[in-house]
Amino acid sequence: MPQNPTPVARRYYPRLSEIVTVDNLPEFLSFVQDGLNEIFEKIHYKNLQYSKSYRGDAAFYSLDIISAKKIALPLPGRF
Numbered sequence: 557m558p559q560n561p562t563p564v565a566r567r568y569y570p571r572l573s574e575i576v577t578v579d580n581l582p583e584f585l586s587f588v589q590d591g592l593n594e595i596f597e598k599i600h601y602k603n604l605q606y607s608k609s610y611r612g613d614a615a616f617y618s619l620d621i622i623s624a625k626k627i628a629l630p631l632p633g634r635f
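The sequence shown begins at 557 in my numbering and counts up one residue at a time.
Hints in this document: simulated from the structure, not taken from any laboratory. Take the hints with a grain of salt, since some may be wrong.
As the list claims (entries may be wrong) - Computed spacing ranges between beta-carbons, pair by pair: (1) Lys-608 x Asp-579: 16 to 22 Å; (2) Pro-582 x Gln-559: 54 to 60 Å; (3) Lys-626 x Asn-603: 17 to 23 Å; (4) Arg-611 x Arg-567: 32 to 38 Å; (5) Leu-619 x Val-588: 18 to 24 Å; (6) Gln-589 x Gly-612: 39 to 45 Å; (7) Arg-566 x Tyr-610: 37 to 43 Å; (8) Pro-630 x Tyr-610: 15 to 21 Å; (9) Gln-559 x Ala-615: 46 to 52 Å; (10) Gly-591 x Leu-619: 17 to 23 Å.
C-beta atoms are modelled at their ideal positions from N, C-alpha and C, and glycine is treated no differently.
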């Protein structure tokens with residue numbers, strides 16, 4: 557008789573909103589702030605890597621996006 561399989565532990569991935577807020581975005585993106593707030597709460601990430609220059613005037617960021625649901629955002633001007 558087969559034994560019950562060991563339950564798979566769920567992994568924790570932090571929310572994107574923990575590292576990116578709409579306050580960090582340029583002013584010209586203010587028209588999408590509400591939508592981005594909602595999306596950043598639902599998106600998680602892993603494998604965050606970053607480096608900043610000594611003077612802090614340049615930076616590089618890389619991460620993998622994790623989402624349980626399809627992500628869709630209407631873009632203005634798109635037909």
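Right, here's what the structure says about each hint:
Separated by about 19 Å at the C-beta atoms, Lys-608 and Asp-579 satisfy the suggested range of 16 to 22 Å. Against the hinted window of 54 to 60 Å, the Cβ-Cβ separation of Pro-582 and Gln-559 comes to about 56 Å, which satisfies the hint. Between Lys-626 and Asn-603 the beta carbons are some 21 Å apart, a value that agrees with the proposed interval 17 to 23 Å. For Arg-611 and Arg-567, the Cβ-Cβ distance of about 37 Å falls inside the hinted range of 32 to 38 Å, so the restraint holds.
The hinted window of 18 to 24 Å between Leu-619 and Val-588 holds, with their beta carbons roughly 20 Å apart. Range check, Gln-589 to Gly-612: Cβ separation about 25 Å, and the 39 to 45 Å hint is violated. A beta carbon spacing of about 40 Å between Arg-566 and Tyr-610 agrees with the range 37 to 43 Å that was offered as a hint. Taking the beta carbon of each, Pro-630 and Tyr-610 are about 40 Å apart, not inside 15 to 21 Å as hinted.
Checked against the given bound of 46 to 52 Å, the beta carbons of Gln-559 and Ala-615, roughly 50 Å apart, stay inside it. Our hint of 17 to 23 Å for Gly-591 and Leu-619 holds, since their Cβ atoms are close to 20 Å apart.
Against the hints set out earlier in the document, violations occur for numbers 6 and 8.
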